[in-house]
Amino acid sequence: MKTIWFHMQGYRDLPDDFHTRYESVWVTPPNDELCDSAQVSKYLRWNVEELELADDLGFDGLGLNEHHQNAYGFPVAPNLIASILARRQSDAAIVVLGNTLPLYNPPIRVAEEFGLLDCLSGGRLVAGFPVGSPMDTVGCYGLPPTEVRPRWLEAHDLITQSWTRPGPFAFNGRFTKLRYVNPWPKPLQKPHPPIWLAGGGSVETWKFATDHDYTYSYLSFTGYQAAAGMMQAYWDQVEKAGLDDNPYRAGFAQAVVVADTDAQAEKLYLRHIQNLYAKSMHIPPYMGGVPGFMSKASVKYNIAKRGSAGFGGSVPNPYETDWNTYTRVNKQVIGGSPDTVVEELENAIRTLRIGHLMVILQLQSMDRELTEYNTRLFAEKVLPRIRPIWEKEGYVDHWWPNGATRHARKAPTAHAEVEPAE
Amino acid sequence: MNAMTIKPVEVAAAFEPNPVMMAGSGAPVVYLHGVFGPEWNGLLDDLAERRRVIAPATVGADEPDELKSIDGILDLVLYYDTLFDRLGLEKVDLIGHSFGGMAAAEYAAVFSHRVGKLVLIDPLGLWRDDKPVADHLYQTPAGQQALLYADPAQAEVVAANAPPEDADAKVTAAVRRMTATAASAHFLWPIPDRGLKKRLPRIKAPTLIVWGEEDRFASPAYAQDFAAGIAGAKVRIIAGAGHTPQVEQRAETSRAVLDFLGS
Chain A
670 MKTIWFHMQG YRDLPDDFHT RYESVWVTPP NDELCDSAQV SKYLRWNVEE LELADDLGFD
730 GLGLNEHHQN AYGFPVAPNL IASILARRQS DAAIVVLGNT LPLYNPPIRV AEEFGLLDCL
790 SGGRLVAGFP VGSPMDTVGC YGLPPTEVRP RWLEAHDLIT QSWTRPGPFA FNGRFTKLRY
850 VNPWPKPLQK PHPPIWLAGG GSVETWKFAT DHDYTYSYLS FTGYQAAAGM MQAYWDQVEK
910 AGLDDNPYRA GFAQAVVVAD TDAQAEKLYL RHIQNLYAKS MHIPPYMGGV PGFMSKASVK
970 YNIAKRGSAG FGGSVPNPYE TDWNTYTRVN KQVIGGSPDT VVEELENAIR TLRIGHLMVI
1030 LQLQSMDREL TEYNTRLFAE KVLPRIRPIW EKEGYVDHWW PNGATRHARK APTAHAEVEP
1090 AE
Chain B
1215 MNAMTIKPVE VAAAFEPNPV MMAGSGAPVV YLHGVFGPEW NGLLDDLAER RRVIAPATVG
1275 ADEPDELKSI DGILDLVLYY DTLFDRLGLE KVDLIGHSFG GMAAAEYAAV FSHRVGKLVL
1335 IDPLGLWRDD KPVADHLYQT PAGQQALLYA DPAQAEVVAA NAPPEDADAK VTAAVRRMTA
1395 TAASAHFLWP IPDRGLKKRL PRIKAPTLIV WGEEDRFASP AYAQDFAAGI AGAKVRIIAG
1455 AGHTPQVEQR AETSRAVLDF LGS
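Same order as they appear, the protein sequences are chains A and B.
Mind the numbering: the first sequence is residues 670 to 1091 in my numbering, read in order.
Mind the numbering: the second sequence is residues 1215 to 1477 in my numbering, read in order.
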């Protein structure tokens, strides 16, 4: 089982009445009113320190993603932060999940920067290729919703070709036309770093994952109970495609809070959980469900499955919702003593059948100190107990970077594909 | 007048047949729909008393995947031109509302000899920084109604927006509104300006510009900008109406359009 310390990199001091005063956490929260650059200067140092701490404490990977004009997370240039981590002497994976391909023009930029990061890190890079959220692509970067997925598909083809074909060659796409595709450098991992897909429940993305034998991560804040149906549909697609049931084909993001006891966890974290769902998930349906972003088939599927085609994760009355509801009834958050957390996490991991856990240990308003407490306790009391999951079944993670050798165990001879780094 | 029927018309291999709404007989008049997709409104009934009314769907309105074959305004205009060929139309009178007005103006600028008369009802397609066109995508359903109508509670408006009673039909209508909105957004988002201003002077058809005086979606100030670009264009401002005067002030709007068409 691989556990990735995933950083949302958000704005930690939003006002308490944020969700009643402002339209959305994303796209339109007014920067001059809400975003103090001096505060951001502090958060950025904290963010990097927290990621470096996670590296030191033995997490299998460090996770970053890309968002724009978003108070819940504004990692606008994930490769910049990743380069700080890549420079460290480490054997942890750097999971950039990812670069939002439709936003790079021309997208060969992603091939170059991922190539650079992979070389700099010694082959520790995971190359995440998300389609992007409707807020980032349509709202912030002004793409017509109907262009987002076609641009993503084309960028994927360009980047993978640039990594697998000898350059220079010509690329004649609908959106990108390049006479000389010839990126320097190519990645250290051959033929290229493992490619991970991420999504919020688009039917087409599952099919794309199985067509290319990529691993797929479901990124939401709904918790594993609500995600089970969605993940099962993905596994149905895996079976339909005739692929094996290796849990490393799937990943999931999960907010987790740990303390000495369940009662202590409630006392320390409930307010931050409420802030997460009140502030960070404050996204109006017309942004998350903007027409044309999802295909007609996905719209129909989502309306039938969950009554809306929006962006998953919101809670009706976040500040009136109590600890028991968050952690025991709806299970959006896994929280409590180490024993409680291990039990729930194992349930989540086995229910969803995931090999990659993106664990979110810094929630919205949590400061540096509390984040470190949560991270240390997780690393000491939880991580060693979930690591052996899937071990005795003998599954091998074929989607892990070659240079990230931390906790690597000898692969069974039949699947000896993971080569140790030089 | 005979009742409206929908006839699927083949256009080209990359597209599903266009479900063209038709009614009436006589000289043909083509109507292009607004941002949220096909609707059959009172103006079309009034036109069908004297003319053959032909109202095609926006390309991609039923299946946005079709828009993979449409890269911009030229492709949109060529789509309509092919459709008019398939319908056996030679010269057409063209009416467009909102996004349809933008499409009609673009068509009339490219195929300037094929359009007899042109009617633009609260058309989109231009942009001024002092009066930005409203964002119809980032709106609640109530917010969208407020952009379309001066008074969303007006009886005619409520009647025109009555949801279907059947549960399945409701879901179908909700999906259709999503897909039709996606199709117009393909040409409108993020700024509904694809260079029409520089093409307006190519329009040769006698043109009537109709605008609701209380339009909150696109200010009536744009009426003068359209008129300034199209030689000889007439402007008719309709009081007591917003972005959709053909529904809000049907009698006056229909009379203005029919008088102009001279039928």
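Note that these hints are calculated values from the structure, not bench results.
Careful, some of the hints might be misleading.
Within a straight-line C-alpha distance of at most 20 Å, the following computed EDC-like cross-link-like pairs (lysine to aspartate or glutamate) qualify [as the list claims (entries may be wrong)]: (1) B:K1282 - A:D914; (2) B:K1418 - B:E1304; (3) A:K1050 - A:D685; (4) B:K1412 - B:E1230; (5) A:K909 - A:D931; (6) A:K969 - B:D1439; (7) B:K1448 - B:E1427; (8) B:K1282 - A:E873; (9) A:K965 - B:D1295; (10) A:K969 - B:D1344; (11) A:K1000 - A:D931; (12) B:K1221 - B:D1285; (13) A:K965 - B:D1382; (14) A:K846 - B:D1285; (15) A:K876 - B:E1427; (16) A:K876 - A:D931; (17) B:K1448 - B:E1466; (18) A:K965 - B:E1230; (19) B:K1282 - B:D1344; (20) A:K711 - A:D760; (21) A:K969 - B:E1466; (22) A:K936 - A:E1015; (23) A:K965 - B:D1279; (24) A:K936 - A:D725; (25) B:K1418 - B:D1295; (26) B:K1411 - B:D1344; (27) A:K969 - B:D1285; (28) A:K846 - A:E873; (29) B:K1345 - B:D1289; (30) B:K1282 - A:E823; (31) B:K1331 - B:D1439; (32) A:K936 - A:E873; (33) A:K1050 - A:E1062; (34) A:K969 - B:D1407; (35) A:K846 - A:D882.
Derived list of chain B stretches under chain A, where covered just means 3 residues or more per stretch with a C-beta under 8 Å from a C-beta of chain A [stated by the list, open to error]: (36) 1237-1244; (37) 1288-1301; (38) 1464-1471.
We put the CB at the ideal spot given by N, CA and C, even for glycine.
Right, here's what the structure says about each hint:
In summary, the hint linking K1282 (chain B) to D914 (chain A) is not supported, as the alpha carbons are separated by about 34 Å, beyond the 20 Å threshold. Distance hint between K1418 (chain B) and E1304 (chain B) is fulfilled; the C-alpha atoms sit about 16 Å from each other, no more than 20 Å. The hinted pair formed by K1050 (chain A) and D685 (chain A) fails the criterion: a straight-line CA distance of about 33 Å is larger than 20 Å. With a C-alpha separation of about 32 Å, the suggested pair K1412 (chain B) and E1230 (chain B) falls outside the 20 Å cut-off, and the hint is violated.
Between K909 (chain A) and D931 (chain A) the alpha-carbon distance is near 41 Å, which puts this suggested pair outside the 20 Å criterion. Distance check on the hinted pair: K969 (chain A) and D1439 (chain B) sit about 41 Å apart at the alpha-carbon level, beyond 20 Å; violated. For the proposed pair K1448 (chain B) and E1427 (chain B), the alpha carbon gap of about 15 Å is at most 20 Å, so the pair holds. Proximity of K1282 (chain B) to E873 (chain A) is assessed by CA-CA distance (about 15 Å); at most 20 Å being required, the pair is judged to hold.
Our distance criterion of 20 Å between C-alpha atoms is broken by K965 (chain A) and D1295 (chain B), whose separation comes to about 26 Å. For the hint pairing K969 (chain A) with D1344 (chain B), the CA-to-CA distance comes to about 40 Å; that exceeds 20 Å, so the pair is violated. Under the criterion of a C-alpha separation no larger than 20 Å, the hint pairing K1000 (chain A) with D931 (chain A) is consistent with the structure, at around 14 Å. Proximity of K1221 (chain B) to D1285 (chain B) is assessed by CA-CA distance (about 26 Å); at most 20 Å being required, the pair is judged violated.
Taking the CA atoms of K965 (chain A) and D1382 (chain B), the gap is about 16 Å. The hint holds against a cut of 20 Å. Restraint check for K846 (chain A) and D1285 (chain B): the C-alpha separation of about 15 Å stays at or below 20 Å, so the hint holds. Between K876 (chain A) and E1427 (chain B), the direct Cα distance comes to roughly 50 Å. Violation of the 20 Å bound is thereby established for this hinted pair. For the given pair, K876 (chain A) sits about 40 Å from D931 (chain A) by alpha-carbon distance, which is inconsistent with the 20 Å threshold.
The hinted pair formed by K1448 (chain B) and E1466 (chain B) meets the criterion: a straight-line CA distance of about 16 Å does not exceed 20 Å. Between K965 (chain A) and E1230 (chain B) the alpha-carbon distance is near 14 Å, which keeps this suggested pair within the 20 Å criterion. For a cut-off of 20 Å, the pair hint linking K1282 (chain B) to D1344 (chain B) is broken: about 34 Å separates their Cα positions. The hinted pair formed by K711 (chain A) and D760 (chain A) fails the criterion: a straight-line CA distance of about 27 Å is larger than 20 Å.
This hinted pair does not check out: K969 (chain A) and E1466 (chain B) have alpha carbons roughly 40 Å apart, beyond 20 Å. Of the supplied pair hints, the one linking K936 (chain A) and E1015 (chain A) is violated, its CA atoms being roughly 24 Å apart against a limit of 20 Å. Taking the CA atoms of K965 (chain A) and D1279 (chain B), the gap is about 8 Å. The hint holds against a cut of 20 Å. Taken as a hint, the K936 (chain A) and D725 (chain A) pair is broken in the structure, with Cα atoms around 28 Å apart against an allowance of 20 Å.
For the given pair, K1418 (chain B) sits about 17 Å from D1295 (chain B) by alpha-carbon distance, which is consistent with the 20 Å threshold. In summary, the hint linking K1411 (chain B) to D1344 (chain B) is supported, as the alpha carbons are separated by about 16 Å, within the 20 Å threshold. The hinted pair formed by K969 (chain A) and D1285 (chain B) fails the criterion: a straight-line CA distance of about 25 Å is larger than 20 Å. Distance check on the hinted pair: K846 (chain A) and E873 (chain A) sit about 25 Å apart at the alpha-carbon level, beyond 20 Å; violated.
Proximity of K1345 (chain B) to D1289 (chain B) is assessed by CA-CA distance (about 29 Å); at most 20 Å being required, the pair is judged violated. Only pairs whose Cα atoms come within 20 Å are accepted, and K1282 (chain B) paired with E823 (chain A) is accepted, the gap being roughly 12 Å. In summary, the hint linking K1331 (chain B) to D1439 (chain B) is supported, as the alpha carbons are separated by about 19 Å, within the 20 Å threshold. At most 20 Å may separate the alpha-carbon atoms for a hinted pair to count; K936 (chain A) and E873 (chain A) exceed this at roughly 42 Å.
With a C-alpha separation of about 23 Å, the suggested pairing of K1050 (chain A) with E1062 (chain A) is violated against the 20 Å cut-off. Simply put, K969 (chain A) and D1407 (chain B) have alpha-carbon atoms about 31 Å apart, too far for the 20 Å limit, and the pair is violated. Of the pairs offered as hints, the one joining K846 (chain A) and D882 (chain A) is violated, with about 27 Å between alpha carbons and a cut-off of 20 Å exceeded. Only residues whose beta carbon comes within less than 8 Å of a beta carbon in chain A count, and the stretch 1237-1244 of chain B has 0; fewer than three means the coverage is violated.
Residues of the stretch 1288-1301 of chain B lying with their CB closer than 8 Å to a CB of chain A number 0, which falls below the three-residue condition for coverage. Counting residues of the stretch 1464-1471 of chain B whose beta-carbon sits less than 8 Å from any beta-carbon of chain A gives 0, not enough to reach three: the coverage restraint is violated.
In the structure shown, a violation is registered for the earlier hints numbered 1, 3, 4, 5, 6, 9, 10, 12, 15, 16, 19, 20, 21, 22, 24, 27, 28, 29, 32, 33, 34, 35, 36, 37 and 38, in ascending order.
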